[in-house]
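Peer 1: Just so you know, the protein sequences line up as chains A and B, in that order. Following numbering that gives the first Met the number 0, the numbering of the first sequence begins with 0 at its first residue and continues without gaps. Following numbering that gives the first Met the number 0, the numbering of the second sequence begins with 0 at its first residue and continues without gaps.
No wet-lab data here; the hints were simulated from the structure. Worth double-checking, as some hints may not be accurate.
[Unchecked claim] With a Cα cut of at most 25 Å, we get these calculated SDA-like pairs of lysine to any residue:
#1 K348(B) <-> A154(B)
#2 K349(B) <-> A83(B)
#3 K354(B) <-> N224(B)
#4 K151(A) <-> D35(B)
#5 K151(A) <-> T40(B)
#6 K151(A) <-> A38(B)
#7 K256(B) <-> T209(B)
#8 K151(A) <-> T36(B)
#9 K151(A) <-> V94(A)
#10 K348(B) <-> T309(B)
#11 K256(B) <-> A148(B)
#12 K151(A) <-> T31(B)
#13 K151(A) <-> N33(B)
#14 K256(B) <-> D245(B)
#15 K151(A) <-> I108(A)
#16 K151(A) <-> E34(B)
[Stated by the list, open to error] Which residues of chain A face chain B? A few of them, derived with a C-beta cut under 8 Å, are:
#17 G129
#18 L135
#19 A137
#20 A144
Given the structure is predicted, the values throughout are model-derived calculations rather than measurements. Each residue gets a CB set at the ideal place from its N, CA and C atoms; glycine is no exception.
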Amino acid sequence: MNTLLRRLATPAVVGTGLAVVLGAGVASAYFGSSVAATGTGTATPATPGPLEFEVVGSVGTGLFPGGPGADLTLSVVNPYDQDITIESLVVTDTVTAAPVSCANPALTISATDLPMTVDADSVGNLVLSGVVTMGLSADSACQGATFSIPLKVTGRL
Amino acid sequence: MNRTSKRSAVVAIAAAAAVLVGLPAVAYFTLTSNEDTAAVTANALGTPATSGLTISASSVSFTVAAPATGPAPTAYQVNRTAPAPAVPNVCSVPAAGGTCTDPSPVPGQTNTYAVFARLGTSWASLTPATVTAAVPSNTVTVSAPDLLAADDSGASNTDDITNDTTPRFTGTATAGATVNLYDGANPTAIGTQVLGAGVTSYSIQVSALTGGAHSITAVATVGANNSAPSSALAVTIDTTAPTASDIQTGTGTTAGKIDANDEVRFTFSEAVDPTSVSTGWTGTSVGVTVTFRNSNSSVASQRIQTIVVTTGGAAVNLVGQVGWNQSYMSGANNGTSTATGTMTLSADKKTVTIKLAGSPSGGNTTAITASSTLNWTPVAGPKDVAGNSLTSLTPVTEQGTADIDF
Chain A
0 MNTLLRRLAT
10 PAVVGTGLAV
20 VLGAGVASAY
30 FGSSVAATGT
40 GTATPATPGP
50 LEFEVVGSVG
60 TGLFPGGPGA
70 DLTLSVVNPY
80 DQDITIESLV
90 VTDTVTAAPV
100 SCANPALTIS
110 ATDLPMTVDA
120 DSVGNLVLSG
130 VVTMGLSADS
140 ACQGATFSIP
150 LKVTGRL
Chain B
0 MNRTSKRSAV
10 VAIAAAAAVL
20 VGLPAVAYFT
30 LTSNEDTAAV
40 TANALGTPAT
50 SGLTISASSV
60 SFTVAAPATG
70 PAPTAYQVNR
80 TAPAPAVPNV
90 CSVPAAGGTC
100 TDPSPVPGQT
110 NTYAVFARLG
120 TSWASLTPAT
130 VTAAVPSNTV
140 TVSAPDLLAA
150 DDSGASNTDD
160 ITNDTTPRFT
170 GTATAGATVN
180 LYDGANPTAI
190 GTQVLGAGVT
200 SYSIQVSALT
210 GGAHSITAVA
220 TVGANNSAPS
230 SALAVTIDTT
240 APTASDIQTG
250 TGTTAGKIDA
260 NDEVRFTFSE
270 AVDPTSVSTG
280 WTGTSVGVTV
290 TFRNSNSSVA
300 SQRIQTIVVT
310 TGGAAVNLVG
320 QVGWNQSYMS
330 GANNGTSTAT
340 GTMTLSADKK
350 TVTIKLAGSP
360 SGGNTTAITA
370 SSTLNWTPVA
380 GPKDVAGNSL
390 TSLTPVTEQG
400 TADIDF
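One chain only, chain A, in its complex shape:
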């Protein structure tokens, strides 16, 4: 299977305010400027059900106070016959540290490399470079600690 992951050259073009984000199970339509008339609307698939895809997180390394940040790597499964443009990453719950004595990890998570594209019918490794950074005030007990980050991503098809 082709696992090629392409980064868009001009990410600012995508993800503008015309996108309508809906809840799970409802598809939203975005109408680009390539046509004469523009507008927004929703389309419900003939077969009810959410448009979903699968991500699997992996373990990154190299975090330390004031450092350049650690990469966050996700495996993204695109079951569709069209590319998925990954637009955002959402941390869905509290980041936990092990060991718990790391009370102040001073972590910052900022996905600045988005959007990225996962090819149709492929599994892409989504490598978000340096998105997890550790502040200078991180506890010494955070040395060697592992931080679990619950997350999901959203994209456009």
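Please arrange chain B on chain A, whose structure you already have, making use of the hints.
Peer 2: What follows is chain B alone, placed relative to chain A:
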């Protein structure tokens, strides 16, 4: 139809639906992934490398370098952990690594150091490097400096309060040593002397000291060995002349009338030498004779009174004039009224108190009920404890709210 084909059909139908409602055909659909957990692992600072240990009775040095593993540190911290008590931060090592020198190891004992790499505000090596140094006994000694009596001005030549800004200090040290004197934490020596062979006494005149408190210590050096710093001598440099600062009265028997148990308190700007107020006086209670002399009681601006205080017939260097705006005495100008009393010096040596034992005799003392403010013109003679003479004879006015004096 397989799974992928079904999803493709969903997309196609949705796009077709968009077309059917009259909208352009370029449609995109928002998708949300499942929730999963990614993880990130933090690094750990390694143990710094140390090398090049050199030891003397007065110094321990070694080189600190970056750990072989982990992120690059931004600083190092070296603590002396033994012998007790532990001493943190015995030296400063730059982020790039360098030499740590402990200038004050404990002679005659094994000194142990813990060397940490530091990063951020809190990270320190989980396992510090350990450096152990067997420090030989120190054979170089020096005594605490003592202010030379001849340079300790004022009535006492042992109180270490002087108006000499470049005084001499004496003490003893190991023969042949170079003795340096220091003022507080200033690392620059304020005076130095190289002792000759067999010479164990030093007398060092220091560079000019500013007014105020100083803490003088001595360090002797022979070759590469330094003595431990001596205990400190507290010295006060005072070149400021005292001034009269206040006059107050205390009511004795009858408010507003000069009578038994009345007090007059003369306060100076700083501690005064009692023998400069009255020859031989130590500040303890002494009997005095107090004479009040009237001037023109009918004119407020001319109600200038002189209080003459004597002890054993000798004048006390205290009062030039005392003026008030009330008529405590009536009758002709230059009338006098005399009483006996005591003179004492306050604990801080700033205030001389004259207290009347009984009502004055002679003259006519009268009771007044109006409030007023006294003024006091001092006489020359008083000195502070550093020997600086009162030079300003400018009158001072009673502090605080106007009240009924005497």
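Peer 1: Which of the stated hints cannot be reconciled with the structure, identified by number in ascending sequence?
Peer 2: 2, 3, 7, 11, 17
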